[in-house]
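Engineer: So the chains spell out like this:
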Amino acid sequence: MTTAAKKSAAKSRPVAARQASAPSPAREAAPAYDVEKIRGDFPILRQKIRGKQLVYLDNAATSQKPQSVINAITRYYERDNANIHRGVHFLSEHATEEHEAARSAIQGFLNAAHSKEIIFVRGATEGINLVAQTYGRVHVGGGDEVLITAMEHHSNIVPWQLLCEEKGAKLRVAPINDRGELLLDEFANLLGPRTKIAAVTHVSNALGSITPIRKMVELAHARNIPVLVDGAQAVPHLKVDVQALDCDFYAFSGHKVYGPTGIGVLYGKAALLEAMPPYQGGGDMISSVTFEKTIFNKLPFKFEAGTPDISGAIGLGAAIRYLDGIGIENAAAHERDLLEYATGKVGAIPGIRLVGTAREKAGVLSFVMEGIHPHDIGTILDQESIAIRTGHHCSQPVMERFGIPATARASFALYNTREEVDALVAGIEKVREVFA
Amino acid sequence: MADLRDLYQDVILEHSKAPRNFREMAGANHKAEGFNPLCGDRFTIYLDLEGDSIRDISFQGSGCAISKASASMMTQSLKGKTKADAEKLFGGFHDMVTGHEPSNGAPVELGKLTVFSGVSEFPVRVKCATLAWHTLQAALEGKQDAISTE
Numbered sequence: 001m002t003t004a005a006k007k008s009a010a011k012s013r014p015v016a017a018r019q020a021s022a023p024s025p026a027r028e029a030a031p032a033y034d035v036e037k038i039r040g041d042f043p044i045l046r047q048k049i050r051g052k053q054l055v056y057l058d059n060a061a062t063s064q065k066p067q068s069v070i071n072a073i074t075r076y077y078e079r080d081n082a083n084i085h086r087g088v089h090f091l092s093e094h095a096t097e098e099h100e101a102a103r104s105a106i107q108g109f110l111n112a113a114h115s116k117e118i119i120f121v122r123g124a125t126e127g128i129n130l131v132a133q134t135y136g137r138v139h140v141g142g143g144d145e146v147l148i149t150a151m152e153h154h155s156n157i158v159p160w161q162l163l164c165e166e167k168g169a170k171l172r173v174a175p176i177n178d179r180g181e182l183l184l185d186e187f188a189n190l191l192g193p194r195t196k197i198a199a200v201t202h203v204s205n206a207l208g209s210i211t212p213i214r215k216m217v218e219l220a221h222a223r224n225i226p227v228l229v230d231g232a233q234a235v236p237h238l239k240v241d242v243q244a245l246d247c248d249f250y251a252f253s254g255h256k257v258y259g260p261t262g263i264g265v266l267y268g269k270a271a272l273l274e275a276m277p278p279y280q281g282g283g284d285m286i287s288s289v290t291f292e293k294t295i296f297n298k299l300p301f302k303f304e305a306g307t308p309d310i311s312g313a314i315g316l317g318a319a320i321r322y323l324d325g326i327g328i329e330n331a332a333a334h335e336r337d338l339l340e341y342a343t344g345k346v347g348a349i350p351g352i353r354l355v356g357t358a359r360e361k362a363g364v365l366s367f368v369m370e371g372i373h374p375h376d377i378g379t380i381l382d383q384e385s386i387a388i389r390t391g392h393h394c395s396q397p398v399m400e401r402f403g404i405p406a407t408a409r410a411s412f413a414l415y416n417t418r419e420e421v422d423a424l425v426a427g428i429e430k431v432r433e434v435f436a
Numbered sequence: 437m438a439d440l441r442d443l444y445q446d447v448i449l450e451h452s453k454a455p456r457n458f459r460e461m462a463g464a465n466h467k468a469e470g471f472n473p474l475c476g477d478r479f480t481i482y483l484d485l486e487g488d489s490i491r492d493i494s495f496q497g498s499g500c501a502i503s504k505a506s507a508s509m510m511t512q513s514l515k516g517k518t519k520a521d522a523e524k525l526f527g528g529f530h531d532m533v534t535g536h537e538p539s540n541g542a543p544v545e546l547g548k549l550t551v552f553s554g555v556s557e558f559p560v561r562v563k564c565a566t567l568a569w570h571t572l573q574a575a576l577e578g579k580q581d582a583i584s585t586e
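Here the protein sequences come in this chain order: A and B.
Anchor point for the first sequence: position 105 equals 105 in the working numbering, and the numbering is continuous, going up by one each time.
Anchor point for the second sequence: position 147 equals 583 in the working numbering, and the numbering is continuous, going up by one each time.
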């Protein structure tokens, strides 16, 4: 794609134009956060399940999608579908523009220095695997160390375990306290001469803790150790500025931030990405191929082998524009208020213990009830059409740290309300009745 | 619409709070561990077999009300029975909780275990109800590896 085409793609942004025209007049009239109006953007939230209004509090698993995202995907298949980066025909050129416009939107959203630093992947999991299998395989050797924290999702444990096993390296784990906060001193002490990379979460999916990521990056960089941040749970709730964080890699999933499943992003500093070997081989990631030698394509395409998830990228672009329209800071403030409200209400119910009480938290309320297994809580709440997650949340080491097999987890998004928290509290009372 | 009380019957709640035969068995000659990776439920079934007959059976572990009550009532219903009886009961139990018609004609006499019939209305909970039974099967077959519902 030519530079001119990219510019025109960025300028035209038909999706952004359409969205901007819908919600903005109301916001001008009512500057307060209009959650009811926002709920209207999410068709799935209108439905009743078993005759009761759906209360969706499983956003840390996946968020719902606004109409604009659904429209962007539909329109792509109705009007624009073609393979990208190679066709000379109108549709291919247009699809390419839309795809690259999504990349630009994400670049802006993360405040990355260059759009070529935005690599499309299937999700945070693939982003982390990509780094482990390219940067990791080059730089981590026998006797070296990879540092993670005690509150990683399995997706930021297992790729490093596989790498360490292959290379004879060691996985080190920075501990957390009983509130679910990272022990920064311990983290600093574990950054040693053999540490080749630190891979750490920004927000814990099981506990909601926000890690002091800026300080962690500083500490690591002081020892020339690069840092990968798993931002899957952070991107929906916090303003993320990868240049301010100065992290080397940042991975997130589209579906947790109001975009479609199957698409995600790996941000990487250009210099690091340039020096890394490719992840997968195939079409689109090459610049020329002979049977003797292949010259790889430039960034970001070097890491995007094969026909990508074009509709997914376009859908994610629409989601980012939607979030930009509301303002991530506004959404974050609303969610902070909800979490505080829910923490007070749910925490006050007799027999409830909150799991994860970090001073800095986002989006997640994990709890256990005395004598009642989370799975039973989940089933009873489901009968009230309240969707929460129960289980170990793909964070078994976190569960072990707190000496429990599982938790019940309510997690919030920008469309949730205090009334929904009240419904959750009433649902938990019902659980108590059933087990009384 | 499924009713919660069909699932959480009093007998089930009572067994989940005070499970029977809930102990490690020192003299067990067969045992197996089963877990459900989705929810973290984990049970060990202990057997004292004399030939084909179940002289004693017990269990330990943690899980939801359904899985714990199911394990508890399973141990009650199997003490003194044969391996063949156990297989037959499991077949009938499985048909009931999955809402299938009895596999081969005549329904199996399930006795008290019929309190779990409500599980068929809650498909995601079938694994909870059958975890102990699958683990039992592994213990009877003398399998060493932990079995998983996945």
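Please note that the accuracy of each hint is not assured.
Said to hold, decoys possible - Here are the simulated EDC-like cross-link-like pairs (lysine to aspartate or glutamate), alpha carbons at most 16 Å apart as the crow flies:
| no. | chain 1 | residue 1 | chain 2 | residue 2 |
| --- | --- | --- | --- | --- |
| 1 | B | K453 | A | E433 |
| 2 | A | K52 | B | D439 |
| 3 | A | K345 | A | E400 |
Just so you know, the hints here were simulated from the structure itself, not pulled from any lab data.
Engineer: Taking the earlier hints as the rules, which of them does this structure contradict?
Structural biologist: 3
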